[in-house]
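**Q** Protein chains in written order, with this note's numbering: chain A, 1 to 472; chain B, 473 to 685.
Don't read these hints as lab results, they were simulated from the structure.
Being a predicted model, the structure only gives us computed values, none of them experimental.
Just so you know, even glycine gets a beta-carbon here, dropped at the ideal spot from N, CA and C.
Do not take every clue at face value.
To be verified - Taking lysine to any residue and the SDA-like style, the derived pairs with C-alpha atoms no more than 20 Å apart in a straight line are:
(1) Lys167/A to Lys648/B
(2) Lys474/B to Gln629/B
(3) Lys648/B to Gln55/A
(4) Lys13/A to Pro680/B
(5) Lys256/A to Arg519/B
(6) Lys326/A to Lys474/B
To be verified - Derived list of chain B stretches under chain A, where covered just means 3 residues or more per stretch with a C-beta under 8 Å from a C-beta of chain A:
(7) 485-499
(8) 504-513
(9) 540-551
(10) 554-565
(11) 578-586
(12) 590-597
(13) 630-638
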Amino acid sequence: MSRNDPPKTLYEKIWDDHLVEDLGGGLSLLYIDRHLVHEVTSPQAFDGLRLNHRQPWRLAANLAVPDHNVPTVDRALGIKDPISRAQLEALDANCAEFGITKFELMDRRQGIVHVIGPEQGATLPGMTVVCGDSHTATHGAFGALAFGIGTSEVEHALATQTLVMAKAKTMLIRVNGPVGPGVTAKDITLAIIGRIGTAGGTGHVIEYAGEAIEDLSMEGRMTLCNMAIEGGARAGLVAVDDKTMAYVKGRPFAPKPEHWDAAVAYWSTLKSDPGASFDKVVEIDATSIQPQVSWGTSPEMVLPVSAAVPNPAAEADPVKRSGMEKALKYMGLEAGTPIAQIAIDKVFIGSCTNSRIEDIRAAAAVVKGKKKADSVKLAMVVPGSGLVKEQAEAEGLDKVFLDAGFEWREPGCSMCLAMNADRLEPGERCASTSNRNFEGRQGAGGRTHLVSPAMAAAAGVAGHFVDVRTLS
Amino acid sequence: MKAFTVVTSKIAPLDRPNVDTDAIIPKQYLKSIRRTGFGPFLFDDWRYQDPGDLQIDPATRRINPDFVLNQPAHQGAQILIARDNFGCGSSREHAVWALDDYGFRAVIAPSFADIFFSNCFKNGVLPVVLKPEEVQALFEGVAKNPDAQFTIDLPAQQIKLPCGNTFSFEIDAGRKHNMVEGLDEIGTTLQKADAIRAYEARRAQQAPWLFAS
Numbered sequence: 001m002s003r004n005d006p007p008k009t010l011y012e013k014i015w016d017d018h019l020v021e022d023l024g025g026g027l028s029l030l031y032i033d034r035h036l037v038h039e040v041t042s043p044q045a046f047d048g049l050r051l052n053h054r055q056p057w058r059l060a061a062n063l064a065v066p067d068h069n070v071p072t073v074d075r076a077l078g079i080k081d082p083i084s085r086a087q088l089e090a091l092d093a094n095c096a097e098f099g100i101t102k103f104e105l106m107d108r109r110q111g112i113v114h115v116i117g118p119e120q121g122a123t124l125p126g127m128t129v130v131c132g133d134s135h136t137a138t139h140g141a142f143g144a145l146a147f148g149i150g151t152s153e154v155e156h157a158l159a160t161q162t163l164v165m166a167k168a169k170t171m172l173i174r175v176n177g178p179v180g181p182g183v184t185a186k187d188i189t190l191a192i193i194g195r196i197g198t199a200g201g202t203g204h205v206i207e208y209a210g211e212a213i214e215d216l217s218m219e220g221r222m223t224l225c226n227m228a229i230e231g232g233a234r235a236g237l238v239a240v241d242d243k244t245m246a247y248v249k250g251r252p253f254a255p256k257p258e259h260w261d262a263a264v265a266y267w268s269t270l271k272s273d274p275g276a277s278f279d280k281v282v283e284i285d286a287t288s289i290q291p292q293v294s295w296g297t298s299p300e301m302v303l304p305v306s307a308a309v310p311n312p313a314a315e316a317d318p319v320k321r322s323g324m325e326k327a328l329k330y331m332g333l334e335a336g337t338p339i340a341q342i343a344i345d346k347v348f349i350g351s352c353t354n355s356r357i358e359d360i361r362a363a364a365a366v367v368k369g370k371k372k373a374d375s376v377k378l379a380m381v382v383p384g385s386g387l388v389k390e391q392a393e394a395e396g397l398d399k400v401f402l403d404a405g406f407e408w409r410e411p412g413c414s415m416c417l418a419m420n421a422d423r424l425e426p427g428e429r430c431a432s433t434s435n436r437n438f439e440g441r442q443g444a445g446g447r448t449h450l451v452s453p454a455m456a457a458a459a460g461v462a463g464h465f466v467d468v469r470t471l472s
Numbered sequence: 473m474k475a476f477t478v479v480t481s482k483i484a485p486l487d488r489p490n491v492d493t494d495a496i497i498p499k500q501y502l503k504s505i506r507r508t509g510f511g512p513f514l515f516d517d518w519r520y521q522d523p524g525d526l527q528i529d530p531a532t533r534r535i536n537p538d539f540v541l542n543q544p545a546h547q548g549a550q551i552l553i554a555r556d557n558f559g560c561g562s563s564r565e566h567a568v569w570a571l572d573d574y575g576f577r578a579v580i581a582p583s584f585a586d587i588f589f590s591n592c593f594k595n596g597v598l599p600v601v602l603k604p605e606e607v608q609a610l611f612e613g614v615a616k617n618p619d620a621q622f623t624i625d626l627p628a629q630q631i632k633l634p635c636g637n638t639f640s641f642e643i644d645a646g647r648k649h650n651m652v653e654g655l656d657e658i659g660t661t662l663q664k665a666d667a668i669r670a671y672e673a674r675r676a677q678q679a680p681w682l683f684a685s
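When you get a sec, could you build the whole thing from the sequences and use the hints?
**A** The following block contains the structure:
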């Protein structure tokens, strides 16, 4: 920045560095550095390319992996569901036809697209990263502008390496002070959504800052940014610091030694300038954040574990009140019930929100030497990638879970969205480390409570929610 | 993409906030590798009383008579109205494909989630943002007379009510132009191929590691 440039936010810096052309009418053509591809939102885009006799603009910008539909058991036997199998075969055929790099189902690097991008160094600071999946926001942890797109935009990104975008507004969420013991990135991100609401960030890109955010590991920052979309923001961002560079260094797709110093010099500029102005600023006291549990059918319906299920009658806004009534009916909950008394049927530890090695370690630390409650029908741990699984097994964490009666699965999206065989039956209640508690999300009629990995593990042992801070 | 200029129709009222894309089209239908045929599964969990998937003929399923789209009064509506934050959640464009395939040309709400909003413009389905009190007035109008005809005039950026009143709405000039003309966005962008190549050449100087492989 020269002396006369106005101070810029991190978002504005990345935007300006990717602007191909201002198209007028509020739209711009933005260059896309990295495009991650999975089996569910890409087949129609590849069809579009074929139909119009178009080729991908820059093959090296793309990386594909199957994750949404993949089985988490008996993988060597193949996929039983013929429709799921056809979708994976379509990804194979499309990547082969167009020459796109893809990790096979049986590759040890296979996993959830938002886990493997950072793990491979395919996600780098200052990049624009897109994927046909709303949780692309995850990659904002690296100071990358990362956002989910629809299939038409997948086709547009493939064909042109650009997207036609309207510039977003900016929102700063500053989480001041350190969080207390037992409070994780998941609790911070849920508490933020509880505060700003699921539409609080609509039209904005959120930048997370403050001591509690600086303190987070890169994996914690990924959990945080992952759920920016649940706060309505298409993208979340965290400024680049030494942790970011240390995480990236040496990964397969990271800059080679001859470019490393130049990359670090550029990445070091990827923070909002002092005095940069944001359209909205939200201040949150980190010390007030407790372990969170969602109680309803929208991620904003979330409370500290010490609270009780709220009473819709106390809500003045009639639209909100009716939404709360519908949510309680669907969730089978009575107003006033302490959250810690809610009994669960299943536990799901996994998803692009919470399936990295630190998540698995946190859950294992709670489970170690204990047993799953008899009343809990199934507690499953689904690592985010084959490499996370290998690391956990090297540390003996799989044994910890298996000894406790938890299941240890193969990597994929699994019961976060229940496209594969892993799902809730109608009426079943789940402590889940995933990101959405929408009606039917984890299976038709299923009831989801969003929590951190440690809280999910603790619920699996106790049979109901407990405050992890009270465990010995 | 099909163009959108003027649509006159009755309105179907979906009186819920935060209608998410999982509700608009549940996950089991995302296994389809086609772009069409999602209409019968729009709002599937609310519309039917029994579970469905791609292999079950929707004609054989039990209809939920209480769900608003199943009520005879609202058949044939091409405009849907709902409350705040419509289309939140998953980026699945299948949600817009399902609305389009069912026959909706436009959705009116006080606010939309960003990705859904953007997806609508790629498919000729118009998302219209009105003030909450204006949306409330539409709900009341439909409750009084479900057959009342409303006109969405995109070039004029107006909704004409049966009583003769109009509500104005905002829309980015660029998006409006593309929609009214029904432009192929990729084809339009590819006309800028030289500008994209020039950007890449510039950027490869500044950040060579991005173009190293």
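**Q** All the hints need checking, so say for each whether the structure fits it.
**A** Results of checking the hints against the structure:
no. : hint                 : result
1   : Lys167/A to Lys648/B : 16 Å, holds
2   : Lys474/B to Gln629/B : 18 Å, holds
3   : Lys648/B to Gln55/A  : 28 Å, violated
4   : Lys13/A to Pro680/B  : 18 Å, holds
5   : Lys256/A to Arg519/B : 54 Å, violated
6   : Lys326/A to Lys474/B : 37 Å, violated
7   : 485-499              : holds (count 9)
8   : 504-513              : holds (count 4)
9   : 540-551              : violated (count 0)
10  : 554-565              : holds (count 9)
11  : 578-586              : holds (count 4)
12  : 590-597              : holds (count 4)
13  : 630-638              : violated (count 0)
When each numbered hint is compared with the structure, violations occur for hints 3, 5, 6, 9 and 13.
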